[in-house]
Amino acid sequence: MKFFQLIKANLFRKKVRLLLTLGSFAVALFLFAFLVVVKEAFSRGVDIAGADRLVVVNRIGLIQVMPISYRDKIAAIPGVKAVTHDHWFGGVYQDEKNFFPQFAIDVENHRLVYPEFIVPDVQWKNFVKDQQGAIAGAQTAKRFGWKVGDRIPVKNSLYGPTKSWEFNLDGIYHTEKSGGDESQFWLQWKYFDENVPSVMKSTAGWYILRLDSPDDAVRVAKTIDETFANSSSETKTETESAFAAGFAKQFGNIEFLILSIGSVVFFTLLLVTGNTMAISVRERTGELAVLKAIGFKDRSVLFFVMAESVAIALVGGLLGLGLAILAIPVVGTALNGLLPNLILSRSALVVGIGFALAVGAASGLLPGIGAMRLRVVNALRRV
Amino acid sequence: MVSVNNNGHSTALIQVRGLNKTYRRGGEEIQVLQGLNLDVDKGDFVAFMGPSGSGKTTLLNLLGGLDVPTAGTISVAGDEITHMSSGKLTEWRARHVGFVFQMYNLIPVLTAYQNVELPLLLTRLSGTERRQHVEAALSIVGLADRTHHFPRQLSGGQEQRVAIARAIVSDPTFLLCDEPTGDLDRKSADEIMALVTELVDKHAKTVLMVTHDPVVATRAQTVLHLEKGVLVEAGKPRQDVAVGGGA
Numbered sequence: 008m009k010f011f012q013l014i015k016a017n018l019f020r021k022k023v024r025l026l027l028t029l030g031s032f033a034v035a036l037f038l039f040a041f042l043v044v045v046k047e048a049f050s051r052g053v054d055i056a057g058a059d060r061l062v063v064v065n066r067i068g069l070i071q072v073m074p075i076s077y078r079d080k081i082a083a084i085p086g087v088k089a090v091t092h093d094h095w096f097g098g099v100y101q102d103e104k105n106f107f108p109q110f111a112i113d114v115e116n117h118r119l120v121y122p123e124f125i126v127p128d129v130q131w132k133n134f135v136k137d138q139q140g141a142i143a144g145a146q147t148a149k150r151f152g153w154k155v156g157d158r159i160p161v162k163n164s165l166y167g168p169t170k171s172w173e174f175n176l177d178g179i180y181h182t183e184k185s186g187g188d189e190s191q192f193w194l195q196w197k198y199f200d201e202n203v204p205s206v207m208k209s210t211a212g213w214y215i216l217r218l219d220s221p222d223d224a225v226r227v228a229k230t231i232d233e234t235f236a237n238s239s240s241e242t243k244t245e246t247e248s249a250f251a252a253g254f255a256k257q258f259g260n261i262e263f264l265i266l267s268i269g270s271v272v273f274f275t276l277l278l279v280t281g282n283t284m285a286i287s288v289r290e291r292t293g294e295l296a297v298l299k300a301i302g303f304k305d306r307s308v309l310f311f312v313m314a315e316s317v318a319i320a321l322v323g324g325l326l327g328l329g330l331a332i333l334a335i336p337v338v339g340t341a342l343n344g345l346l347p348n349l350i351l352s353r354s355a356l357v358v359g360i361g362f363a364l365a366v367g368a369a370s371g372l373l374p375g376i377g378a379m380r381l382r383v384v385n386a387l388r389r390v
Numbered sequence: 169m170v171s172v173n174n175n176g177h178s179t180a181l182i183q184v185r186g187l188n189k190t191y192r193r194g195g196e197e198i199q200v201l202q203g204l205n206l207d208v209d210k211g212d213f214v215a216f217m218g219p220s221g222s223g224k225t226t227l228l229n230l231l232g233g234l235d236v237p238t239a240g241t242i243s244v245a246g247d248e249i250t251h252m253s254s255g256k257l258t259e260w261r262a263r264h265v266g267f268v269f270q271m272y273n274l275i276p277v278l279t280a281y282q283n284v285e286l287p288l289l290l291t292r293l294s295g296t297e298r299r300q301h302v303e304a305a306l307s308i309v310g311l312a313d314r315t316h317h318f319p320r321q322l323s324g325g326q327e328q329r330v331a332i333a334r335a336i337v338s339d340p341t342f343l344l345c346d347e348p349t350g351d352l353d354r355k356s357a358d359e360i361m362a363l364v365t366e367l368v369d370k371h372a373k374t375v376l377m378v379t380h381d382p383v384v385a386t387r388a389q390t391v392l393h394l395e396k397g398v399l400v401e402a403g404k405p406r407q408d409v410a411v412g413g414g415a
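These protein sequence lines are chains A and B, in that order.
Position one of the first sequence corresponds to residue 8 (the working numbering), numbered consecutively onward.
Position one of the second sequence corresponds to residue 169 (the working numbering), numbered consecutively onward.
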């Protein structure tokens, strides 16, 4: 603590340079937080996927449907505990920009396969009884200011001419898993099936099944795909996490992209701050020599340089992360559900601070070693 | 009593024996100091004079433990410093040497108080004790009312006074002054030398000073001449000035 004044005084020696260096860290950490948030948003489906769930899709592609008759055949396979099916609805609420995922669900089995979605029993019963009923995730309900009992018109043009489908909001669901998806909107598959063109009737977009044991996954997946081999709708069965990962990859190799951008940011920041610290030390050669002459040890001089560098990194980093905490919810709202939930997790903040400290320490190390090795006699001669 | 001829045992505070310093520049060896002997007692005030390149500053650096000799020994208060490791030498400097430089070498972003406090940060003194020492040192140099001024807010003479306060604040065994008046006008130089003399006379400080200025050298009790790395004469200042033909 007794060296605090000295370190602080040196930090504020060149205020413009200090501000610019702090700004570099703040911008870099702000960007870092955004990259991490986007990466986590894409990988969240993989992280929270049930280990005991399989997803069955049409082998040709996700947008191809399968006959509804597959459900009973899949349910009959040993090791399958429950089967449900979803169908993509793809409507918009009031305006094209109001995008959120809507699924026609199988009300009989949905809760058996997805126990993590919590709907109060009364609301669920009302939903099952109400053919035009719907359940919305808490996030979507909050976004549009919906409450139970509201009439929700959803425009859809995927299944014939554009028309408005009217739904009664019977319930709002939450998730018990942290970071779970609370943006979905569920309607009854039966209502959907009655109102789509004949070519789409009696079809399912995909099946989701729950296993007695995750150990059965390979065997059950193989059995399902063999069962429907050489049919008009061959299947591709995979674990839910593999399905989620494959879905995320449709957007490109997000992880590689983020890693590449992150690396460029890291090395640029390292060069900028390293250069700044080197200049700062070079300007103070004489002062450092005097400190050493009056008895400050080499490691003290190294400590002063490193402390300055790390302090700049920490303050700049906290500034950037603080801005990110404020900005990310705003950006998430502005994106209108185009990206999955943008959540800046505590672990991301810790990694961010660690990243800032590492860059700070690395950028101060070489100039610090230079200052440490400074020969007093030579340095004083240069003053 | 200062002596340059003794190469045997003595009880002097500072004892230099057979001191050699050689630099290598390219393929050429330059011998800066050649077999110097020197005894300085506690409370002595010695001025080193000589032309540029004669080895004055090199001798001061060696005496202050900032550089190591090629051969020979330096003992201060019984500690032989020539074979100390770099770390030990740094600790030794903190305890025994107060430096005063020609260009003052204050830290510009610290106040006079903070500059003077620097050597005390290396001690175990409490904040209150440090404050007492700093205030006493600044009072001795006549700058008790300038504690919160930054170096840029002080005149050259005042800056050098702060540097002297920094040199004496930890009560070192001796002071090394390298051209302490070299960057000052005559009036300021006189004031600084009056202060240094007062430190010797009133506070019994031991001072070794390098100077080009014969007038400044008259303040010392003893003036030694360095020529081509050899201490060639010693004497009373007035005699020295007379020999040099100066003031």
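A portion of the hints provided could be inaccurate.
Said to hold, decoys possible - Quick list of in silico lysine-lysine cross-link-like pairs, DSSO-like style, CA-CA up to 27 Å: (1) Lys256/B with Lys9/A; (2) Lys170/A with Lys154/A; (3) Lys197/A with Lys88/A; (4) Lys154/A with Lys88/A; (5) Lys162/A with Lys132/A; (6) Lys256/B with Lys304/A.
Said to hold, decoys possible - Interface residues of chain B toward chain A, partial, derived using beta-carbon atoms under 10 Å: (7) Val172; (8) Asn174; (9) Gly176; (10) Ala245; (11) Gly246; (12) Thr250; (13) Ser254; (14) Gly266; (15) Val277; (16) Arg298; (17) Ala335; (18) Ser338.
As the list claims (entries may be wrong) - Simulated coverage check for chain B against chain A, where a stretch passes if three residues somewhere in it have a Cβ under 8 Å from a Cβ of chain A: (19) 232-238; (20) 279-292.
In short, the hints are calculated from the structure, not lab data.
The model shown is predicted, which means the values in this text are computed figures rather than measured ones.
Beta carbons are placed, not taken as given, at the ideal position from N, Cα and C, and that holds for glycine.
Checked hints:
1. Lys256/B with Lys9/A: holds, 22 Å
2. Lys170/A with Lys154/A: holds, 23 Å
3. Lys197/A with Lys88/A: With a Cα-Cα distance of about 23 Å, the restraint between Lys197/A and Lys88/A holds, given a limit of 27 Å.
4. Lys154/A with Lys88/A: Roughly 34 Å separates the two Cα atoms, so the pair is violated.
5. Lys162/A with Lys132/A: holds, 26 Å
6. Lys256/B with Lys304/A: Holds. Lys256/B to Lys304/A sits at ~9 Å (cutoff 27 Å).
7. Val172: violated, 24 Å
8. Asn174: violated, 27 Å
9. Gly176: Cβ of Gly176/B sits 30 Å from chain A, so the hint is violated.
10. Ala245: Interface hint status for Ala245/B: violated (16 Å vs cutoff 10 Å).
11. Gly246: With Cβ-Cβ at 19 Å, over 10 Å, it is violated.
12. Thr250: Status violated, d = 15 Å.
13. Ser254: holds, 7 Å
14. Gly266: Gly266/B check passes; min Cβ-Cβ to chain A is 8 Å, inside 10 Å.
15. Val277: holds, 4 Å
16. Arg298: Because about 8 Å separates Arg298/B from the closest Cβ in chain A, which is inside the 10 Å limit, the hint holds.
17. Ala335: Hint holds; Ala335/B Cβ to chain A Cβ min 8 Å, cut 10 Å.
18. Ser338: Holds - the Cβ of Ser338/B comes within 10 Å of chain A, reaching about 8 Å at its closest.
19. 232-238: holds (count 3)
20. 279-292: holds (count 5)
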